[in-house]
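J.: Just so you know, the protein sequences line up as chains A and B, in that order. Residue numbers are given in the numbering used here: position 119 of the first sequence equals residue 119, and the series is strictly consecutive. Residue numbers are given in the numbering used here: position 90 of the second sequence equals residue 90, and the series is strictly consecutive.
Calculated directly from the structure, the hints in this document are not laboratory data. For each residue, glycine too, the CB sits at the ideal point set by N, CA and C. Among these hints, one or two may not hold up.
Restraint ranges, calculated between C-beta atoms of paired labels, are given here [what the hints assert, rightly or not]: (1) A:R193 / B:F199: 38 to 46 Å; (2) B:V102 / A:S60: 32 to 40 Å; (3) B:V26 / A:S15: 52 to 60 Å.
These are the residues of each chain, in order.
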Amino acid sequence: MTTGYAIELKDLRKSFGNTEIIRGANLAVQQGERVAIIGPNGAGKSTLFNLISGRFGPTSGEIVLNGKRIENLRPYEIARLGLARSFQITNIFGRLSVFENLRCGVLWALGYKYAFWKFLADLRDANERAEALLHMIKLDAKRETLAMNLTYAEQRALEIGVTIAGGANVVLLDEPTAGMSKSETARFIDLIREVTVGKTLLTVEHDMGVVFGLADKIAVLVYGEVIAFDVPDAVRANARVQEAYLGSVLADAQAAEAGARSTAAGA
Amino acid sequence: MDATAPAAQPVVVRPPGRLPPGRLLVWGGFAAALLIAPLIFTSSLAVTMLSQIGIAIVACLSYNMLLGQGGMLSFGHAVYSGLATFVAIHALIGAGDGSFPVPVTLIPLIGGFAGMFFAVILGYVTTKKAGTPFAMITLGLGELVFAMSLMIPEFFGGEGGVTANRVVGKPLFGLTFGPPLQVYYLLAVYTFICTAAMFAFTRTPLGRMLNAVRDNPERVEFIGYSTQRVRYISFILAGFFAGIAGGMYALNFEIATAEVVGAGRSGLYLLFTFLGGATFFFGPIIGAVLMVVSFTLFSELTKGWQLYLGLVFLFMVMYAPGGIASLIMMNLRVGAYKKLGRLIPWYTALAVTALVMLAGGAALIELVYHLQLGESLDPKLKFFGLTLDTKSAMSWLGAAAVALIGFAMFDFVRRRFARVWGTIQGEIEALTARSREAR
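Same shape as in the complex, but just chain B (with noise of 0.2 Å):
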């Protein structure tokens, strides 16, 4: 699997404040994305979940700052994300009220700073410690302040959570913020310049230094970096952008609940930058976006979900641990060296043994659910335009039979596969070298 590791971006020669060509395509795809993705999906439902989408990047990107650049595993992301949720809640409500006049533009920002100062606390004591402690801090931090947030209800509101307004002061150019869709184009600017400015940070001494404490903390000690300062300072910047997030979802919304700031939304972050790639810069946007697509779409398709989410998951650690990112990548590489014709249909032959293993595990995991949720009104239910029965055996035994025998098959190419696979990569190793002598 060496072949995910992250390619080292080329140090291009370039006047400075120049983006170089390549860069400058992808930079400006992203925002006509974030600019015409409204256009094209139009309904209410759609412009919310872009929001959301909006929100889950930036979040999940300033995750990565610890997971994939520090390598911080930390199980409490949600902690700072949250906190300024509330923060920017109330500065919305004082908004409101008159009694903290500021833009509603700016709400975000302040989220933004509320982060940071938490990330000074309390990152202070989490950055002390690297590795299983600093994982170990997170958690307990994550469950002090989710306790905490019960316990204080003048400022987290108790269990009905804290409500504002967003449509306060006076409209700026006729915007009132009130429609969703000019919510969404607010935060799509946040969403553009968190990015942006995140990527920018990988590029920099500090950025590269947290890069290097991830690789081998020990060296930088002796090459004249404090770790705990790196991971300190990287902490803070994480945190303010993870308020960023905060401070967006505050306005999205217009209500906060102790949930933003508890385990399960930190362990989200984790998950999704994890399935999206944390060892490429824009895995984590796919994960926000799979993120906010699995909680909307997915969650209406079955009950079982969750526990669907759970063996993807649980596939790709052992099967991709550099995420989706890290699929893309390899295969881009394979498809530069125009090999990927020999690998189609392998795909092609993964895709249906998958589905079928698919279908033969979501029969059984929709008839236990069922049984446990709705056989009291009819044993039968209806599966891809089968009727199960929940009473009768041949629907259990043809489930598991499919399943089983989808899985075979799987594993049969899977292994085939592999090898096929291992095959290019020594022969694109070969050509690479190759090129390298002649050079």
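Isolated chain A (complex conformation) (with noise of 0.2 Å):
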């Protein structure tokens, strides 16, 4: 049954105990289609994240990814299948240095599953696209560095690495500029625009700015329940969105600042 779309839900529903977190999520996300997934605290987020991703199993429901029914499978399983995603707490190997990071992040996509009658350093392949990682999150001056000595900032950009390494065609990012400042958010945005090019991108995001600037298309989610999911002008417009979540000031400011942003880098 392959439907075109690279991630569907269905229906999808967790309940942690007698507390329903998500409560009948649909979503459809083309091919290619960068879409954001806002919505107030506690509205689920992350929690359909862990869902996708397979960290947790839902209770009921579905998910499709690339035609292909995922909600039993277990984590290593569904990014077989091409599915990526980096958390909101950065979550890195510490004592490993970022290239051996990288690496780690290549050697299934190759290939090399469980080998241990090959050497690292014969393999072509993977310390090419290693290096070539490393070049793209911009961390060659740090490639020694074990990942637990890194600025905040380059643990950010290093998570972001080891989630693309493998090539994942659906890449799902957690809050990826939590805690960072205006400037490096700027950069930060740019880079995974860059890394994305051409691969399906889900993201959970709170700052409106990056919302706007980056996404094709929001979702947005609300007590479990995606209530609108449309371009961004259209979600802005939606009557119940702005009751809901868009209604504040500063959402309108930062979504406002984001506007200019994008004419200046156009112009």
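Mind assembling these two chains? They're in different frames, but the hints should get you there.
T.: Laid out in structure tokens, this is it:
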């Protein structure tokens, strides 16, 4: 059953004990779309990512990745089908160098699996790809630095690097810019845009500036339901969304600023 | 203590199959040391010790595949080396009576396959879990196997164990493997090959993913790897090398008793791997040497040697959790920046105060031991030329005073030293940061 969608959620539900966090979420993301998922705190955005990436199993409903049901698969099986995710709290290999982190990320995709009869140093394709990633996330100078000794912004960049290393065509980024300064965020958004060219991107984001600057479409999640899924302007005009979420002055200000930024970039 | 973390080896682009000169030197040195050692230490005790060191090196390195490289704290590694010892002993018996014709030189390899076999079976259950449950399962399995070893005397030989004779079959190039020196060289060959193989493992995809599983098992699952599978395969390989160590043991001692699968031996692997340094590949080698030396030499010096060992372990866990290997590497780093000279007075002061503390503490320990064991014969005991008396308050008070004063001085020096050490590390950080910017 090929639907042409990269990711499809069908009446997805998840309960923790008696609390239903995801209450029948529906979403269908086209190949190559960049989707920002927004919603108030506790709306279930991170839970949704955890369900899609296999960290938790859903209580009911379907998750379809490139036409394949994945709701009962383990995280590594989902990763092998071409879905990668990053984490809100940096989740890298602290005692390995930046380069080793990236190389770990590429190994499975290049088919090296659990090989213990080959030397890493001889895997030309893996090493070249790790080098290319290193350059892409602009950490060339930190090649041999242990991941735990990086600055926060560098760790966030490495987090993205490890996420995209396997060449997955569906990428989930969970608050990639959380905790970054304004200037770091701006640079980081450019980086994300650059490294996810041609991929389907889902991102959870709080910063409205980032949302309107990055996304083709916005999905609004409120109390475990997707109440709107459309292009940014349509979502901004949506009455339900305004009521639930976007009405705040702060959000408007951030959005306006993002508009100015993208105009400046265009000129 | 961030500085204790292993520096990740830079990826050297080299033509396949050729070693960089530095590493060639290290491995050549290791081979030469194995080759020359029995020519320098020629006494029969020394040769026996060297053989035991070889066995311990393989065992501790295989243990460190779990602990240092995989973050798996096993309390039952002796199960794999020990069961392999029993299988190897039976193979040796079979070789002797002709029912299982196998050359003596291959006995350790048979041990290896035995260790691997048991790791395949028991490891499947063990590696389903990580962290504390993993440790608990290894502990439980260790107890289980030890209890079983006393229940099945047909295989384990009961209290007396199983004995065999390694001089079997036709001599190979005139070698019977009867004399300890011939056995030593056979074991040295196994030690070298196994060490090289285990080092090679750290540079393979599985070896690296095992590090990743140690650092962050959760993330590993999201980049396509099953952490359970990574742990399981690594566990089997560690079992294989532990088994080789067990087979080497069988060949060296020609006896297997229940003790070889016991929790005590598993604990020793853990203790000495940690003392040597689990964060560096060569750490367990240092630990293995220490294990044999302390067992054969320190145990001659004092009855309370295990108590001293416990104290040393305690101090290491508290002050140098990276083990001896990390102490060496940290000082090499300081030396590389030519700052070691500033530390030497501090090291001297630390050593002197530690010795004072140790002298007092040791006097107390010896007094207590003497009270327990030797007093009925004579209340006096000799302690480094001094005569202590368990009946004299002066001896007790004097020892306690020396220990306390030693501790106070040591702690005083240690605090100051820590400050100097921190300053030097800061300077090195600044230097490396500057050189990075210059690049």
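J.: Determine for every hint whether it applies to the structure shown.
T.: Taking the hints in turn, this is what the structure says about them:
no.: 1; hint: A:R193 / B:F199: 38 to 46 Å; verdict: holds, 43 Å
no.: 2; hint: B:V102 / A:S60: 32 to 40 Å; verdict: violated, 60 Å
no.: 3; hint: B:V26 / A:S15: 52 to 60 Å; verdict: holds, 58 Å
Against the hints set out earlier in the document, a violation occurs for number 2 only.
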